[in-house]
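Residue numbers (the working numbering), protein chains in the order written: chain A, 1 to 294; chain B, 295 to 577; chain C, 578 to 938.
No wet-lab data here; the hints were simulated from the structure. Warning: the hint list may mix true and false statements.
Stated by the list, open to error - Listed next, the in silico BS3-like pairs over lysine-lysine satisfying Cα-Cα at most 30 Å (straight line): (1) B:302 to B:444; (2) B:444 to C:583; (3) B:397 to C:707.
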Amino acid sequence: MEWINQNLPYLMAGISVGGQYALIAIGYTMVYGILRLINFAHGDIFMVAGLIMVYAMTVMPIYVAIPLMIILTVLLGFLVERVAYKPLRSAPRMSIMISAIGVSYLLQNLALYVTGGLSQQYPPIPWLSDTITVFGATTKRVTVITPVLTIILVLALVALIKYTKIGMAMRAASRDFETSQLMGIKINSVISMTFIIGSFLAAIGSMLFFTNYTGVTPTAGAMPGLKAFVAAVFGGIGSIPGAVIGAFIIGICENIIKGLGWTTFSDAFTFALLIVVLIAKPTGLFGEKVIDKV
Amino acid sequence: MSTENVLKVENITMQFGGVIAVDNMNLEINKGEIVSLIGPNGAGKTTAFNVITGVYAPSNGAIYYKGNKIVQNHPQGKMKKLYRGENPAMYESHRVLAPTPDKITCLGIARTFQNIRLFKSQTVFDNILIAKHMLRTSNVFTATFHLNGKEEARMREESERLLEIVGLTDVRNELATSLPYGKQRRLEIARALATKPELLLLDEPAAGMNPQETLELTEFIDEIRKKFDLTVFMIEHHMDLVMEISDRIYVLDFGKPIAEGTPEEIRNNPKVIEAYLGGADDE
Amino acid sequence: MKKQTKIIWNVGLILGLLLVLFILEQVFPSGSMLFTVLKKGAIYALVAVSMNLLNGFTGLFSLGQAGFMLLGAYTYGILTIPVESRASVYQYFDGGIVQFAIPVPLALIAGGIVAAIFAYLIGLPVLRLKSDYLAIATLGFAEIIRAVFQWDKLGPLTNGSNLLRNFPAFKSVLYPFIVAGICIAIIVMLINSTYGRAFKAIRDDEIAAEAMGINLAHHKRLAFVISSFFAGISGGLLAMYQTTIQASMFKSAMTYEILLIVVIGGIGSVTGSCISSFLFIACSEWWLRFLDNDNLYIGSFHVPLLRAGFRKVVFAVIIMCVVLFYRKGIMGEKEFSIEGIANFFRRKFKKEKVTEGGASK
Chain A
1 MEWINQNLPY LMAGISVGGQ YALIAIGYTM VYGILRLINF AHGDIFMVAG
51 LIMVYAMTVM PIYVAIPLMI ILTVLLGFLV ERVAYKPLRS APRMSIMISA
101 IGVSYLLQNL ALYVTGGLSQ QYPPIPWLSD TITVFGATTK RVTVITPVLT
151 IILVLALVAL IKYTKIGMAM RAASRDFETS QLMGIKINSV ISMTFIIGSF
201 LAAIGSMLFF TNYTGVTPTA GAMPGLKAFV AAVFGGIGSI PGAVIGAFII
251 GICENIIKGL GWTTFSDAFT FALLIVVLIA KPTGLFGEKV IDKV
Chain B
295 MSTENVLKVE NITMQFGGVI AVDNMNLEIN KGEIVSLIGP NGAGKTTAFN
345 VITGVYAPSN GAIYYKGNKI VQNHPQGKMK KLYRGENPAM YESHRVLAPT
395 PDKITCLGIA RTFQNIRLFK SQTVFDNILI AKHMLRTSNV FTATFHLNGK
445 EEARMREESE RLLEIVGLTD VRNELATSLP YGKQRRLEIA RALATKPELL
495 LLDEPAAGMN PQETLELTEF IDEIRKKFDL TVFMIEHHMD LVMEISDRIY
545 VLDFGKPIAE GTPEEIRNNP KVIEAYLGGA DDE
Chain C
578 MKKQTKIIWN VGLILGLLLV LFILEQVFPS GSMLFTVLKK GAIYALVAVS
628 MNLLNGFTGL FSLGQAGFML LGAYTYGILT IPVESRASVY QYFDGGIVQF
678 AIPVPLALIA GGIVAAIFAY LIGLPVLRLK SDYLAIATLG FAEIIRAVFQ
728 WDKLGPLTNG SNLLRNFPAF KSVLYPFIVA GICIAIIVML INSTYGRAFK
778 AIRDDEIAAE AMGINLAHHK RLAFVISSFF AGISGGLLAM YQTTIQASMF
828 KSAMTYEILL IVVIGGIGSV TGSCISSFLF IACSEWWLRF LDNDNLYIGS
878 FHVPLLRAGF RKVVFAVIIM CVVLFYRKGI MGEKEFSIEG IANFFRRKFK
928 KEKVTEGGAS K
């Protein structure tokens, strides 16, 4: 019991961080599922969402700022796809990936320019930032809200993918890109939709994430982005439940490691875990096995 | 013709999960023969080739090359429950042998592919030269610092000569993929020959060729067989080619060998006719 | 062109280049931005070529270059800090456990060897992975290495998260040029050897390469180890250039930068990588500097938007344009050579002759 009491904060933080990673990881896994592209810019879109919030809150009330932030983030995600990835659709996969790295570089430098390189204080969001007590442990309300919200959003997403027409088109496109085009699926709108959903979830994720961490720097998106991607690979890239479970596992493990006093290794551990999983099961926990045809 | 055994496939079964692609195949190929493997589409011919060349480890069975066992496996783990072939007990007590394709090639079994797999960004000459890499004696240091000049010169000279034999000297500096289809096939065979094989496996060498090209290919295969003292084992759908050139033919249907014999015997075999019925000429 | 004349031309060109560098050094003040660009450019050229060996020539998409540079840099630093200044460098760790120093060239090679050994060990498991998975696994290893080097328990060796400093640095711009030049020459020789051909075969078609008797595992590991060896040496050079090192420098952003250099130069072109690394460094450090100046006037017009950081934005936009519209990079897969230029002019000359002839008719 005492052990639980001692470690409850870490466990809760882990679940919370896991939820935030999950929201980002979905963006990675959906894009990869359809385009076979590691969207390196996704973490930076997440960071930009944080910055937009910082600046929006200085000039407008919160009930305008949050929707505006979400809309602008979604717009950014959409634009990035249209400008940087769409022209390269027929190019080798490596060029698209490099374009993604280029976008990431651009967004980071843009953020550096706008902020002047200083860490921006993330505005406290009423209710979410309130301190509450759970089982004798004090924490912010966001810690408790995150996993709940994540699960609600994921269920909504799964329903969207399962029961709507665009969801069906997404599934078809991720199964076979070329054939789905032949079947009359407008591939460009499917891809745009994927980026819109991914950016939307990243926007929500950034709100939850930065409320916990307070500071937004131009490189703030890189590490969470990378970890969310690791979570997606871990769960089997292309699989949404896989990404969510992977994200929770990584979030929890990372915070347990921190709890043990190995903070230096919390990032490294994530990657070590990834490599172990990839070696044992090269397509992740829930990924499908592909056989090369000779 | 001597009857020295070059390749012997024994009880080979290849299962992917519950799907049996090759079912208890047995065959023998003797030195100097041209043997064809025919059968309807999806009969498991290419899979059989892939097992022989080490791309897949078989679920069960063994393969011998010139009397030496080179591949051997038995059902393990999950396959024990799924396995539906025959004679698994024969290999259970033996060591698993599953060499990678490069090891098999080094033994002297070279192959071509159904859908041509040339080195796209390389010239015709370099495609051949790459195949000579296998026969090197230099290591990475001597090769980097060009201390293997003699060997390098020999590799180049041999490749040059091979190009001459297959008649591709005039296009030696062209990109391999810019060649017309028939020449790409020829180049792929030449590349396989560059590894100095004794047994050559050809996977549908005449696929997509017109009758004229097929005729040329028939002559070409016969010519190189004599020149390089080869044993040839090939998968082919063009019956003219198969009947003309083969010493013996194996027929595969649903992964199972259903007949074996000379072209004459196969032509009149009721089982074979039945397997092909509805598409007498499978092309 | 004959092989001998080609060699003479190339040797002449290299000697000429070194002479020009030597003269430049006599003429310009040593603090000039030109030398920053030349030094850093040479170092980045080496690491870019080593990455190109993997990504461009062997088709292994690895993103671990920063990690191997870190290994090389630390090995160099640890082995060359003079014994007398160790107490001050390792002030939190009782002067550290290494109490000797070895000559600079040996330490550079040692850096390469350490990186190569790590590459061998890492390669055993990860080289079985394909494309993106390999990329993310190698990126992960670079991050793990970075974390390990910042670990306090290893402080006596690595100085924890503190700076390593006081190790010998180079003064002349010739030093990094000669070292990087020799290394790049070795890589080029490797690429032109039978092993280089095998690497290219693997890049083009793994299955066909294997069917041609090329052992995939062995050759991939070889390319990975050799590439890491040279990345390690360039790490050592980078340490010499910067005069201090810290594990936190070698982030994945560094690998991305190198990858961008490789792409801009042309994947699969050694000379492309070299040219683009100088251009890249020159743009990011020098030519665009005026954009950071917020008091720039053209005539009496105050140019808006300019302030610290704008340079990098413009630079990122330029890079995006190259990636999007100039996909093959500067050189594509071709190489810059005397012969190529000679042929180019000969063709041009001939063409003019022909058109002239046509006109006179």
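query: Which hints from the list above does the structure break, by number from lowest to highest?
result: 1
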